[in-house]
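S.K.: Spelled out, the chains give:
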Amino acid sequence: GDSVTQMEGPVTLSEEAFLTINCTYTATGYPSLFWYVQYPGEGLQLLLKATKADDKGSNKGFEATYRKETTSFHLEKGSVQVSDSAVYFCALIVGGSQGNLIFGKGTKLSVKP
Amino acid sequence: DGGITQSPKYLFRKEGQNVTLSCEQNLNHDAMYWYRQDPGQGLRLIYYSQIVNDFQKGDIAEGYSVSREKKESFPLTVTSAQKNPTAFYLCASEPGTARIMNTEAFFGQGTRLTVV
Chain A
1 GDSVTQMEGP VTLSEEAFLT INCTYTATGY PSLFWYVQYP GEGLQLLLKA
51 TKADDKGSNK GFEATYRKET TSFHLEKGSV QVSDSAVYFC ALIVGGSQGN
101 LIFGKGTKLS VKP
Chain B
1 DGGITQSPKY LFRKEGQNVT LSCEQNLNHD AMYWYRQDPG QGLRLIYYSQ
51 IVNDFQKGDI AEGYSVSREK KESFPLTVTS AQKNPTAFYL CASEPGTARI
101 MNTEAFFGQG TRLTVV
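Line by line, the protein sequences are chains A and B.
Under this note's numbering, the first residue of the first sequence is numbered 1, with each subsequent residue one higher.
Under this note's numbering, the first residue of the second sequence is numbered 1, with each subsequent residue one higher.
Quick caveat, the hints were computed from the structure, so don't treat them as lab data.
Take these hints with a grain of salt, some might be off.
Said to hold, decoys possible - DSSO-like, lysine-lysine: derived pairs with alpha carbons at most 27 Å apart:
no., chain 1, residue 1, chain 2, residue 2
1, A, K77, A, K56
2, A, K105, B, K9
3, A, K108, B, K14
4, A, K105, B, K83
Could you build all of it, start to finish, from the sequences and the hints given here?
M.R.: Right, dumping it as structure tokens:
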């Protein structure tokens with residue numbers, strides 16, 4: 001079935017370090033891909049998205065490129081800040097047996113000053 | 001503004017009681033979802049609904065029930081059969097079968113349920 005696999009955390013970085021969170025997917029159709037962010041005690045907020053192959057989503061210095069050939073959507077940021085500390089979820093939307101919406105397990109990021 | 005609203009934000013329940021969590025959206029979305037999140041864990045799907053008057057069990061439906069009588073509402077009842085209900089519950093919606101490809105899922109702010 002459709003699925004999303006994220007690198008396991010937690011990930012701890014120093015401020016201004018480079019961030020990569022890996023995400024790969026399996027989907028029978030042509031999914032739209034998303035990264036969501038969750039701050040403590042809150043719901044999920046959309047961080048960025050890409051709806052077709054080779055699209056690059058970007059927001060707040062974060063980027064991810066929809067790679068159909070490697071079925072990946074890795075999240076990157078060149079210089080993280082303490083305020084980026086949160087849990088990041090990779091997700092896809094495509095028609096399937098579990099409804100359309102499929103999430104990865106989430107990756108907790110902690111950024112130290 | 002369109003959005004998705006969960007209420008209440010915090011909920012306390014005595015053991016053996018049923019409790020209902022509210023989820024309302026005014027985005028005209030067909031599909032709605034309920035997830036459970038335990039501390040330090042990811043999202044686990046409880047139930048989802050792709051259309052009014054229809055819903056499907058997710059991975060952890062035991063001890064929960066839902067209804068979808070209206071397009072904008074998808075309440076979740078945590079029954080006394082749920083042995084460990086203390087968790088953070090998240091509701092989401094997305095356009096569903098009639099979706100526009102570049103439209104994402106929206107989440108409520110969550111309800112934290114504590115059994116006392």
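S.K.: Could you tell me which of the numbered hints above are not met by this structure, giving the numbers in increasing order?
M.R.: 3
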